[in-house]
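Trainee: First residue of the sequence shown: 518, per the working numbering; consecutive thereafter.
The set of hints was computed from the structure by calculation and includes no laboratory data.
Be aware that one or more of the hints could be misleading.
[To be verified] Label pairs and their calculated CB-CB ranges:
| id | residue 1 | residue 2 | range |
| --- | --- | --- | --- |
| 1 | Ala657 | Gln633 | 26 to 34 Å |
| 2 | Ser770 | Ser615 | 17 to 25 Å |
| 3 | Ala618 | Thr731 | 44 to 52 Å |
| 4 | Asp675 | Ala609 | 12 to 20 Å |
| 5 | Pro758 | Val686 | 39 to 47 Å |
| 6 | Ala763 | Ala621 | 49 to 57 Å |
| 7 | Ala729 | Lys654 | 28 to 36 Å |
| 8 | Pro730 | Thr668 | 43 to 51 Å |
| 9 | Ala729 | Thr619 | 46 to 54 Å |
| 10 | Thr623 | Val706 | 27 to 35 Å |
| 11 | Ser630 | Gly761 | 39 to 47 Å |
[As the list claims (entries may be wrong)] Below, computed lysine-lysine pairings styled on DSSO-like, alpha-carbon distance capped at 27 Å:
| id | residue 1 | residue 2 |
| --- | --- | --- |
| 12 | Lys638 | Lys750 |
| 13 | Lys750 | Lys726 |
| 14 | Lys654 | Lys682 |
| 15 | Lys654 | Lys680 |
| 16 | Lys682 | Lys653 |
| 17 | Lys638 | Lys726 |
| 18 | Lys653 | Lys680 |
| 19 | Lys750 | Lys732 |
Even for Gly, the Cβ is constructed at its ideal location relative to N, Cα and C.
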Amino acid sequence: MKTHTRPRSVSLAIAVTMVGLSLTPTIVVASGAGASGVGSSAHAQTAAHGVLTIQGNTNNVLNLNPFVGGDLGVDLVYNSLELLNPVNGVLAPELATSFAATNATTLVYTIRSGVQWSNGKAFTPADVVGTFRLLKKFPALDSGGVWSDVTSVSAAGDRVTFKLKTPDVPLRQAISAVPIVPSAIWSHVSNPATFTNTHPVGTGPYTLKSYAPTKTVFVRVPTSFEAPSVRPKDVAFVAGPATGAANQLLIASGAYDFAYDNFPN
518 MKTHTRPRSV SLAIAVTMVG LSLTPTIVVA SGAGASGVGS SAHAQTAAHG
568 VLTIQGNTNN VLNLNPFVGG DLGVDLVYNS LELLNPVNGV LAPELATSFA
618 ATNATTLVYT IRSGVQWSNG KAFTPADVVG TFRLLKKFPA LDSGGVWSDV
668 TSVSAAGDRV TFKLKTPDVP LRQAISAVPI VPSAIWSHVS NPATFTNTHP
718 VGTGPYTLKS YAPTKTVFVR VPTSFEAPSV RPKDVAFVAG PATGAANQLL
768 IASGAYDFAY DNFPN
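Required output: the full structure, derived from the provided sequences and hints.
Mentor: Shown next as structure tokens:
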């Protein structure tokens with residue numbers, strides 16, 4: 518049986534949405550990490566309208582490449598075709614509004630209209646095609662193994678069609694998880710596998726505001742199609758102490774709204 522890894526995490530998007538829409542004590546579980554964050558009612562209200570603070574890492578070099586080792590927060594900048602809900606396993610629409618398998622080896626995505634990149638340029642189905650052709654040209658980017666069974670990808674109108682070598686049900690999840698990037702920018706990158714992408718342009722609800730080795734801040738993009746779904750104006754990743762016990766104290770004090778750490782029951 519074929520298996521495909523999923524390169525794109527959903528935990529950050531869930532954290533932003535859940536904290537942003539809640540003014541009550543919040544517990545968020547990060548997919549696959551056994552991580553949780555707890556915030557007080559007052560702090561959740563601050564996060565809902567001001568800054569959502571998340572435990573981060575110390576990074577001496579900013580890397581917002583969504584394909585290869587991107588830093589925390591890169592998921593807030595980029596969208597994929599669909600987003601997997603880790604609770605119920607259902608794929609929900611993102612840049613694709615619908616999906617259909619017209620036969621066992623043909624997958625068709627209808628692409629959302631009216632979407633803009635954070636630089637104000639229009640997002641189109643050509644960007645989807647360009648992204649997947651980038652993965653074909655640079656196999657190091659294809660962590661989900663999409664091109665192991667895809668023979669072609671093409672756009673016609675608002676639809677993008679993938680042709681497969683053989684029937685492959687799990688491949689839909691791998692395709693849907695690939696972060697979509699603007700072809701106008703990435704087609705000119707000489708080596709996307711080593712590109713650190715310090716000035717990211719995405720369709721997601723946030724974009725980079727500021728960077729320091731111990732704190733990276735993302736600001737909400739008001740023109741994003743997801744802007745109505747998120748409430749915090751800023752999302753800050755702040756480097757914390759190395760021990761779980763110290764991080765628990767920061768959570769309890771309200772210094773963090775969300776933390777990637779193991780906590781006792």
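Trainee: Hints first: check each against the structure and report whether it holds.
Mentor: Consistency of the hints with the structure:
{"no.": "1", "hint": "Ala657 <-> Gln633: 26 to 34 Å", "in the structure": "holds, 29 Å"}
{"no.": "2", "hint": "Ser770 <-> Ser615: 17 to 25 Å", "in the structure": "violated, 45 Å"}
{"no.": "3", "hint": "Ala618 <-> Thr731: 44 to 52 Å", "in the structure": "holds, 47 Å"}
{"no.": "4", "hint": "Asp675 <-> Ala609: 12 to 20 Å", "in the structure": "holds, 19 Å"}
{"no.": "5", "hint": "Pro758 <-> Val686: 39 to 47 Å", "in the structure": "holds, 44 Å"}
{"no.": "6", "hint": "Ala763 <-> Ala621: 49 to 57 Å", "in the structure": "holds, 53 Å"}
{"no.": "7", "hint": "Ala729 <-> Lys654: 28 to 36 Å", "in the structure": "holds, 34 Å"}
{"no.": "8", "hint": "Pro730 <-> Thr668: 43 to 51 Å", "in the structure": "holds, 44 Å"}
{"no.": "9", "hint": "Ala729 <-> Thr619: 46 to 54 Å", "in the structure": "holds, 49 Å"}
{"no.": "10", "hint": "Thr623 <-> Val706: 27 to 35 Å", "in the structure": "holds, 30 Å"}
{"no.": "11", "hint": "Ser630 <-> Gly761: 39 to 47 Å", "in the structure": "holds, 46 Å"}
{"no.": "12", "hint": "Lys638 <-> Lys750", "in the structure": "holds, 22 Å"}
{"no.": "13", "hint": "Lys750 <-> Lys726", "in the structure": "holds, 11 Å"}
{"no.": "14", "hint": "Lys654 <-> Lys682", "in the structure": "holds, 18 Å"}
{"no.": "15", "hint": "Lys654 <-> Lys680", "in the structure": "holds, 17 Å"}
{"no.": "16", "hint": "Lys682 <-> Lys653", "in the structure": "holds, 15 Å"}
{"no.": "17", "hint": "Lys638 <-> Lys726", "in the structure": "holds, 19 Å"}
{"no.": "18", "hint": "Lys653 <-> Lys680", "in the structure": "holds, 14 Å"}
{"no.": "19", "hint": "Lys750 <-> Lys732", "in the structure": "holds, 16 Å"}
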